[in-house]
Structures are given as structure tokens and as C-alpha cells.
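One line per chain: the protein sequences are A and B, in this order. Position in the first sequence (first residue = 1) + 46 = the working numbering. Position in the second sequence (first residue = 1) + 46 = the working numbering.
For the record, the hints were derived by calculation from the structure and aren't laboratory data. Wrong hints could be hidden among the right ones.
Note that the list lumps identical chains together, so a pair holds whenever it fits in one copy or between two copies.
Claimed, not checked - Cut-off 16 Å, straight-line C-alpha distance, at most; resulting in silico cross-link-like pairs (EDC-like, lysine to aspartate or glutamate):
id : residue 1 : residue 2
1  : K348      : D63
2  : K121      : D160
3  : K175      : E405
4  : K200      : E173
5  : K348      : E485
Number of protein chains: 2
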Amino acid sequence: MANVEPILSAGDIATWDRECDVIVIGQGVAGTCSALEAHRAGADVLIVERASGGGGASAMSSGIYYLGGGTAVQKAMGYDDTPDEMAAFMMASCDPLDPVAVRHFCDDSPSHFDWLERQGLPFERTEFKGKAVFLNDTTCLMGTGNEKLWPFNKIARPAPRGHKVAGTGENAGHVGMAPLLSKCEQEGIPAIYDSNVVALVRDEGGRVVGVRIKQAGATIHARARRGVIIAAGSFNMNHEMIAENLPLLGATSEPLGIPSNDGAGVLLGMSAGTATSAMDGVIPTASIYPPGQLIKGIIVNKRGERFVAEDSYHGRTANFVMEQPDQKAWLIVDSEIFAYPEIPTAKHTLVDGWETIEEMEAGLDLPTGSLVRTMAGYNKNAAQGRDPLLHKDASWLKPLDKGPWAAFDISFDRSTYLFITLGGLKTGPNGECLTLRSEPIPGLYAVGASAAHIPRNGKAYASGMSLGPGSYFGRRAGRHAAGANWTD
Amino acid sequence: MANVEPILSAGDIATWDRECDVIVIGQGVAGTCSALEAHRAGADVLIVERASGGGGASAMSSGIYYLGGGTAVQKAMGYDDTPDEMAAFMMASCDPLDPVAVRHFCDDSPSHFDWLERQGLPFERTEFKGKAVFLNDTTCLMGTGNEKLWPFNKIARPAPRGHKVAGTGENAGHVGMAPLLSKCEQEGIPAIYDSNVVALVRDEGGRVVGVRIKQAGATIHARARRGVIIAAGSFNMNHEMIAENLPLLGATSEPLGIPSNDGAGVLLGMSAGTATSAMDGVIPTASIYPPGQLIKGIIVNKRGERFVAEDSYHGRTANFVMEQPDQKAWLIVDSEIFAYPEIPTAKHTLVDGWETIEEMEAGLDLPTGSLVRTMAGYNKNAAQGRDPLLHKDASWLKPLDKGPWAAFDISFDRSTYLFITLGGLKTGPNGECLTLRSEPIPGLYAVGASAAHIPRNGKAYASGMSLGPGSYFGRRAGRHAAGANWTD
């Protein structure tokens, strides 16, 4: 549980044990980028990290940065994405709190990618065109969201915007964090580890001017002449905050994160009067793909009805499963496309196989006639390449008419849904912490997963929407806290 | 304040004073449509209304029904709208809780329009092409939402979907309610007035089987053999619920509704375990148009920055104003487009006129250089017919370079923002009340403004998204409660 004390008054701090210009709390991707930019803008920076080294949850992530608008990789692979197409997609799908911030992110996305490469992050000029949750090779570019999904594909030319660092597997993120951490070290940015910020300090004028830090056997106070940047991760691991904000997550849901994602960053910001946003947003995931052929199956609820286009991004599908009656859902396949879902953590179990759809309907305890009706309608339309109900793309449509049939249980309480929370502190385009009425709190910033994500709803999330905006707004906050303009 | 008691057990009701099949609480548009369909499906219906007659807030509204997909009026006026285009627009802009329900609404929208006409609602084959909040004539078809606004205009062919009954002014809604109330009377549907439902009653199995009604000097209990339909309006007038869910509404915000919109319907549903949705959604409105020429102005916040495309639907603009720093905003015009905003309730005051933009910036107490920079950038792009920041349509772009200049204060605390709440009970495609985990509560339905609106966010609302879905889902709930299928 997070150990956060009420905000302190500067007048009560007898001695400042350390002084600097900008304190950065947390050394994941957002904190690292903040620290580098603040340092390069001339500020005296101090990084305070709870773990014994840098990296945070970013180093444990799959290493995908959501970027677009015509990045070097997109261009090399033949995509003519533009900031405008990217902004149209994000504006329509993400319901962002701050459209101006989204516009900045899209406009600056190609140059931000170049900046990341200049820091040493390795990105190949390669592309993966299939459906995957993470990759077991070093390929870079991949579609990671709902760009090709109806109706989003009507808003903007779909372009792949997931930029994966050249590492492999579901924890490839460390390959991107290593060069960022090296840069901090090379440039001599001081960092203290095993150090837990437990309180903010503000002066009489309401400006945040420092922090209280707990270390083994010691409590110290550090003064920040220009600003404090909270980059301390999400509240994934805070059971109390999860129960309060996300009651639909159940006993079999497991947070994706590291122990310090206990909400301390969010609680620190709130202690200074920062508002929160999107606290009820979440990305649960227990993907049915890979293999992609399973997308040709259908997903039904306990009424025997389809409710989500099966070619949705896995986090979108999971959000819909979470909202179904009793949170029950099954993936139905025929013999032609039968395969086991490959994501091992999901634990989708094969219920059984049946010779007829009637038997399957009874075996799954669905209302009499419901699945027969759903499949008859689906198959008839699929034979014509149509899905008038949910608009699954024609490339995934085929009649499920090659019995026998099988069903996988993908219910919320039978599979394991990993989740990432989307909510956090309300911030402006430079990471400024904002009150309910959007007044900035002087001297206080929040970036990365301590701030609310751009998508307020898990149905709009795409892989990379943590590291991409986290690194970008981290940089902006660093410059702003140091007193520099973004465009200088 | 709403007078709602905890749910009662059927075993505690000594005598049922009345018995019927379906009880409909409230006789606005949703309740009327529910009652008509349940009655026509063979149910013995009882309408219980708090006022001394039917009509509800629907009769006080501007009488606009959001319908499309190729209605008779759209066809007559030359628009080839389709259910698919309408669904794409609503899916992308509204973030609906139940996409299947939205699909039904769009698919059935043309036939639902025909049904409304058959009940006697008068709709002309005429169109208003300008920008208005309500009309002082009997014209029918008008664009009432963000269909033409970027990026929504990229999702679907924009089509006007506001269908106004042939009445005039901001309370034209009664012209639509009169024939619906007449039908109820002609068909002999019993209604009791001045009767306040204060509690639901459920049996041992958890099924809602009746209500407790308070009348002047009497308390009676009515049994419903098949179902209870809550159609009792919104929680607009419930100060406590507003303060809890919508803290950004301020002292100068005024609810649009009638006294019985005190949240009783929502609280009744909650007493049976119904979940709520979109409780933080709201449409504030204090439109800058008409006249439309004011859309050629720009709206800036206290940082001197634009934050919303000025051609947004007025409720969307107001939502953005609500979220700006200190909730401050100004409409800036030059001499060429100068006019006073015409909506009298908005009370947008002219701050002053200035000979130079520098003087205006100082006069509005904006940061030095901010407004000059914003207007220089805007004017340069507008001269080329472009608005790269916010994509206001080219038809509304002109350089604001004909001084002197003027500013209207449209701040949240200086103007009067009228508001409609969007939140309410969580329901399924037939109006079934749903628990947090989307299990239906047997025998209980909610429709109209007692249920959550389709758009969960006020930025996506369009005029008519109360009466349109309210009348449609009212009908579905009536049939379902009566035991009939929708498609029979």
C-alpha cells in the first residue's frame, strides 16, 4: 500500500538536506526523459527512485512506442501517415481531456521519434503485418490498436503506429530503457535509489518546493527551486484504489506492473490539490490472438449474442467482455480455423467440442435457439463478405460451417485478464498538474502513468500509448520545469 | 429533493390497491411510447405521473428528435443517409455503453420515424440549413450535432438528423407530445396524476412486482404482474446529485428541466440494485450562435489560446469552456463580423472594444503576447483557408483583421450556462435495468432521461438525442415488458 503523507509546509522543514532545481520522482521512461530535458535546459536535476536502479515498469513492458504522423520508420516502410491523420484518429477514438495536448503529440511525433533514436534507442526499419500482442523478434513497426477497425478506419487512413524497440518478447522494454539510463549517467544527472518520496512540500504561496524522502533508517528533505515532476507510475497495484474505481475487475484479474505502482504518484499529486481523470479507465487483456485465424471465430455472451467485432484490439475486446452479463464470453470456432490461443497468461480453456451447433448451445448453457440464430445469421452474411452487425473486416469473415465446433471460455472469471489502469492526475500540455477547474499548481508536474493517459476509455487504447506519450510529455515537463520553452 | 424510500418486500404489502400488467412511471415521451407499445401488445397498463397531466420535460423541450439512416424527411430533402453512416458517427463520437443498442437505434431509425408520424406527430418536409439552437418556425430538418465537425466529418457523410416537430420556439416539444397523449387517452390507457412513486416492491425471487404511490393524503400500492418501467426523467434538479457527480457546474449554471426531474427515477432504479452510467456527463449550453457569423470569431481561454473549433455544436463548445483554466473564455470578433449573440438566456456580455489587439490582450488581462501570437497564427492560416490546430471548417474561416476588435465574456461564471445531465440508470437494448455486472433486474426497466443517454460525454451530444432514443427505447421497453418481441 502506498505510503503517502499529507502535504507539508516549507516553514516546517528545519533543514533542507539537499537542494536542486528540479526533482524527478521515478526513473521510468517518463522520468528519464524529464530529467534529460530539464538537465539539458540548464537545470540542476535530482532523480529520486524507489527501486535500487532505474527502469521502472517501462523496462518490464513490451517496449512499444505509439508514434506516427510520418516517422522515419513509417516512411521507410512506405506509409504516408500524417500528423493530421493521426490526430483525427486519436481525437475520434480517445475522447481526450486536452485536444491541444493531443495535437502537439501528433505534430511532434516524427521529431520525437528522431529524438528517441538520437538517445540511442534501437528501432529497426522492419514491419510485422500479422496480429500479435508482443513479438519474439526485433521487428519494429506494427499495428497495435484499432486503426483498421470499423468505424475508426473511416476516420483516418489506417497506419501502423506501434514502434517497438529492437528487443524480443513481452519485456523488450528494457532495451529502450538501457540507453536512456546510460544517458542520465553519462550526463551526470544525480539519482538516489531505494528512496521513497512520501510527501510534497509547498510554500506559503502554494508553490510546490520540495519533497520528503524516506530511506532505510533516514528521512531527508530535498528542496526543488523550480519544480517537482511526479513520474512514479500507475496505481495498478493499489487494491483499495482499484476496488474504488474499477469494481468490474475481479478476483482473477491481475495487475501488470511493478510493486511501486501502488498509486503513490497519484496520491502525492492529489495531496497538493491535483484533480484526477479517467480513473475508471482500464485495459484488461487476455487476447484471443495469436494465432490470427482465431479472429475468424465469433465471440458470444451468455445470451448467445455477439457484442464486439472480433478483429478489435485485444484490450478493446476485453473491455467489452468485462461489461457483458455476468462477465461471461466464449470464443466459438469451427474445425477449419481451430487452434489454441497462444498467449499463455490468458488461460483460455477449451470447454469442449460438439458435432452440432444445437449441442454446443446446450453444452454452453445458452438460451435455446440463441446460438443457432446468431450463427445462422453470421454465416449467411459472412458468405457474402459482410458483417452488418459489427463490421468485422471482410478479411476475417468466413462462414463457421465446418463442424465439429469448439468453444473456448474467455469469461472474465475463468480466464486471467491482466490489466493496466488508465487514470491518473489531470495535467496540461506541459505536464502541469491541474486542479478540478484546470488551474495549474505552481511547481508541480505529472507525467507517464502517474498522469491520466490520453485515452480515457480502455476501448480506445493501443499498445504504445503509455511509452509514446509518456516519453514525449516527460520531455515537455522537463523543459517547462527548467524554465525553457518547448519550441526553443 | 427526491422522496425515495428503500425497496419494499412484496410480503410486507398487506393489500394491493391496484393491479395491472405494466406500470409506467412518468408520462413524458419515453413513458408515453412505453405505455402505447405495452398496451398494444396486450398488456394491462397503468401510467403513474407526478404532475397533474402528461407531457413531462419532453413537452417543455425544443421538440427535436435525433433520427436518421434515411428517414422520409431526409429522403424528401435529398439526403441519402444510411443506418451504417449514422452508426459509424454515433459509435465513433458517443462512446456508447451498448453498441448493439446503438445499432438497433440506427437500423430502426427510419421506421421509428414513420411510427412517430403515424401517432400524429407533425413533421414537415422542410429544412433549415443555418446554425441555430432552436427555430422560431415550423421547419423540420436541421443539423443539430457535430456531424460536420472535424474529425467526425471524416467518419461518415454528414447528414442533418435533427427532426423537429412542426411547432415553434424553444418549447416546441409540446406539439409532439399532444398527439402521443391523445393516443393514450383514445386507446383507454389508465393514468393517475398527482401521484408520486416513492418505492419499488420486489418479491422473494428479486423480481420487481409493484410500486408504492403517494397521493395527497393517501398511500397506495400498485401491483405490476409483468414489469415496472421507470420513465421519470433526469436528475437535473437534484442539487445533491449534481454536486456529487458534476462538481464543475457552478453557481451560475441552471438546470433545464421541470421540478420532478429531481432524480427520483434514478434513485428508484438504484434502490433495486441498478447500476448507473455516465453520471459525470453533461451538456451545458450558452451558445455563441446565432447569428452564425460569430462562428467566424475565435474563442480563447485565460492563457490567450484557442481550445475548441468554434463551429462545434454549442454543447460541445460549452463542455470545453467548462474545462478551461478557471472556466474563463472569451469570444473575439473583429468589426466585419461583429454582432451580439442572440440567445438571451446565455447572457454573454460585451466586455469592450479596442483599437489594437495589444490593447485587447491587456484589457482582458491575458498573458503578454499570448493573444497577439494566437491571432497572428490564426489569421495567417485563415487567409489560406486553413485551421491546422483545430480544423474549423473553411466556410467559417476569415482573418480577424478588420479592427477595431471586441470581446464577449463567455466564461462559465459570467454567462448563464443551462444544462442537461446525461447520466442515469444502466440499461440494455430493451430498457432492461442492469446491475454493475450487466445482469438484468427482473421486471424492471428504465427509459428516457432516467436511463443513461447514449452519448456518455457532453461533447458528443446533439439536440434530439433525448427525444429520439427516449421515444425509441421507450417503445422497446413497452413491448418487452408486455412479453412481446420487438420484431414481431
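Now the hints, each set against the structure:
Taking the shortest Cα distances, K348 and D63 never come within 16 Å of each other, neither inside one copy (61 Å) nor across copies (38 Å). When the C-alpha separation of K121 and D160 is checked against a cutoff of 16 Å, the pair qualifies only within one copy, where the shortest distance is 13 Å, while the shortest distance between copies is 51 Å. In this assembly of identical chains, the alpha carbons of K175 and E405 never lie at most 16 Å apart, being 37 Å within a copy and 56 Å across copies at closest. Neither within a single protomer nor between protomers do K200 and E173 lie at most 16 Å apart by alpha-carbon distance, with minima of 23 Å and 27 Å respectively.
For the homomeric pair K348 and E485, the shortest alpha-carbon distance between copies (10 Å) is at most 16 Å, but the shortest distance inside one copy (47 Å) is not.
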